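Enquirer: Top to bottom, those sequences are chains A and B.
Count along the first sequence starting at 1, add 347, and that's the number in the numbering used here.
Count along the second sequence starting at 1, add 347, and that's the number in the numbering used here.
Treat the hints as calculated values from the structure; they're not laboratory data.
Small disclaimer: the values here were computed from a predicted structure and weren't measured.
Incorrect hints may have been included.
No distinction is drawn between identical chains; accordingly, a pair holds when it is met within one copy or between any pair of copies.
Claimed, not checked - DSS-like, lysine-lysine: derived pairs with alpha carbons at most 25 Å apart:
| no. | residue 1 | residue 2 |
| --- | --- | --- |
| 1 | K576 | K640 |
| 2 | K640 | K608 |
| 3 | K386 | K625 |
| 4 | K609 | K542 |
| 5 | K469 | K454 |
| 6 | K542 | K469 |
| 7 | K435 | K736 |
| 8 | K469 | K625 |
| 9 | K608 | K377 |
| 10 | K611 | K673 |
| 11 | K454 | K611 |
Here is what each chain is made of, one letter per residue.
Protein chains: 2
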Amino acid sequence: MKHRIFAFTFFVICIFSTITSYGETAIVEKKKFVIENFKTMSGTTLPELLVGWQSMGTLNSTKSNVILVSHYLLGTSHFAGKYNPDDKRAGYWDYIIGPGKAVDTNKYFVLSIDSPANANTKNPNVFTTGPASINPETGKQYGTDFPVITARDVVNVQHVLLSHLGINELHATMGASMGSHISLEWASAFPEMVKRVISVVGHGESNVWSQTQLGTWGASIRNDPNWNKGDYYDGAYPSDGMAESLSHLFLAANHGHAYEKKFKAANAQNREPWIDIKEDFESTNLIYDLAVKRAAIYDPNSYLYLLRLCQLFRLGHGDSLEAGIKPLKAKILLLPSEFDEIIGPYMTENFRNLLIRQNKHVVYDEIYAPWGHLDGIIAIGTKADVISKFLDET
Amino acid sequence: MKHRIFAFTFFVICIFSTITSYGETAIVEKKKFVIENFKTMSGTTLPELLVGWQSMGTLNSTKSNVILVSHYLLGTSHFAGKYNPDDKRAGYWDYIIGPGKAVDTNKYFVLSIDSPANANTKNPNVFTTGPASINPETGKQYGTDFPVITARDVVNVQHVLLSHLGINELHATMGASMGSHISLEWASAFPEMVKRVISVVGHGESNVWSQTQLGTWGASIRNDPNWNKGDYYDGAYPSDGMAESLSHLFLAANHGHAYEKKFKAANAQNREPWIDIKEDFESTNLIYDLAVKRAAIYDPNSYLYLLRLCQLFRLGHGDSLEAGIKPLKAKILLLPSEFDEIIGPYMTENFRNLLIRQNKHVVYDEIYAPWGHLDGIIAIGTKADVISKFLDET
């Protein structure tokens, strides 16, 4: 209870802290990488798998200063910096990554890679192979013939690129939400390579509730007649289902305190809902308008594949979470967000307890900010010192 | 944090307590009541408003032993007892209401009234006037021409019936969720009449987040082409939108711990989601199957009207919650549920703080059980002693 009041009181301080940690923004370049004959966990071989990637900082002579950032479900490898000085926005974690920032690119070589089945298929700066890509065997989009992919598959894709760059050691892997899953999976899949993991708004495995929450978001798309079992690329897109799905995702990703702050005045002035059942409050309408707008930029099938990746996540992808924890050698920093309604702190705590039981090195801290899951991105600046200290410790 | 572990540990005890408080089940009879020319807060006059009601216990000679129970959004006046000994299930609060139970019908005359716009229009034991009723002016269903109704309108409807029965004093009003809104509104609208209020999983007003959450559930129906601005009674019902909406309501009404308990074994055995993106986990499918099944029994328009009632709720329906609190003379018992994801305890706490600031008599206790909002119904037995003590205090 006290935490809740504490968090809200500290809202102003958090935002201030976010702003003060927001320094110089670097210029970054997007690159491409192609993997041939990539074999997925499910046993399918993809003849060609294209991914985009970007980096910041300089690889040192021993190639031992690498930090790998994995992105969240609707995100891309654009973790920080700008492609052009005129870009309106920098990458999502520019708050903490850059020259002189918490993840100091004067010291570290930071890189990030677009996931397979990345949902931003219409973004010219994103390169990915997924259900919207052409299947060379048929000359048509893969659709739902694309294999189900897991966090482990993404790790394996990233591993091929790192090997190509001659990188055999990761100073740290880090990411928020889906990015946390992939970052943690690295430490279980390649324990000798990974020295540290920073898990932001993450957990050790999707519990049943997470699987169901993500499942209902997926069902909104599958229930749209236009989805047509994933074969929609030559016809109308399942835009209604996609918007429906995103509206629920957006609702869950922002905690109540955030809504209160943002919409209180607007909703209080709305008279229409009092007299016309067909009208709704501004906050509902804005969530929907945003969902409809965003539905147009994402590929619904790709989004479904990444929802599934999150549903299937269990560290190590073995019989139990405990088994997945066993090989870990990395130090782990867990940063859940106090009001998170997608990956609640209780899920992160369960994971911490299992790590401690196996004598793993864990640092646990909570993000106190009013947005919930979204605070893994927008309030990350409040944990700049914790992150910086964790990275510098030997 | 400690509360969370505490609640889970006590799960078995809670359920046990629920069962032990479940004693004899009484036989109840459903009655009808018609109000002529009922005027709503929005200024519309309904020529005829029919409601169903039921009671248990005996009205004493001074008519001072009355407890009025108001039902939750998808509920009915069937608060306890059975209509026939063969009925599979008793009313939803049979755990605590009946002869010798926490709300002892050997002492109290307990009654409950179907809400206007009740969603159970196909239930032969429910009597209500709402959007699915025939508008005598047109000879067709009201649809969205039915006026928006508020918690205050429901109180006014109930007040007419109580006046008809010669009841001028309420020993207590009580209800869960929407039923809490109506129970509390009674104490602000008729402060001289109401001695006590028991608010279960309730708050003092819908904050913006609540308005938005309820709004997205409503939008699922309004976005279904079959909804046709509420004019669907002669054609296909907006069943898909209704099922979509209910799936999100069911997801929110049951906390993560409940899903873990119920579906862990089933989900762990599901192999299809690993190999086919078109398939989902059993927990998702069961939520959807239940939503589809339930979508067939509720009237979507009526459900929209009650969602709206909840969105509009602010105690007293004046300019501020503080103003609505001012007239209260009743003692208030607040019983939020620790893991509630619809009306979170922080909302109830805010309300408690405002009540205390105005020197109102408040008793606050939390339901510790793993289902969240639903625990206002299924774990109510764990608070039998608190309720009984609160009712008996002078």
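Enquirer: If any of the earlier hints don't hold here, list their numbers in rising order.
Expert: 4, 5, 6, 7, 9 and 11
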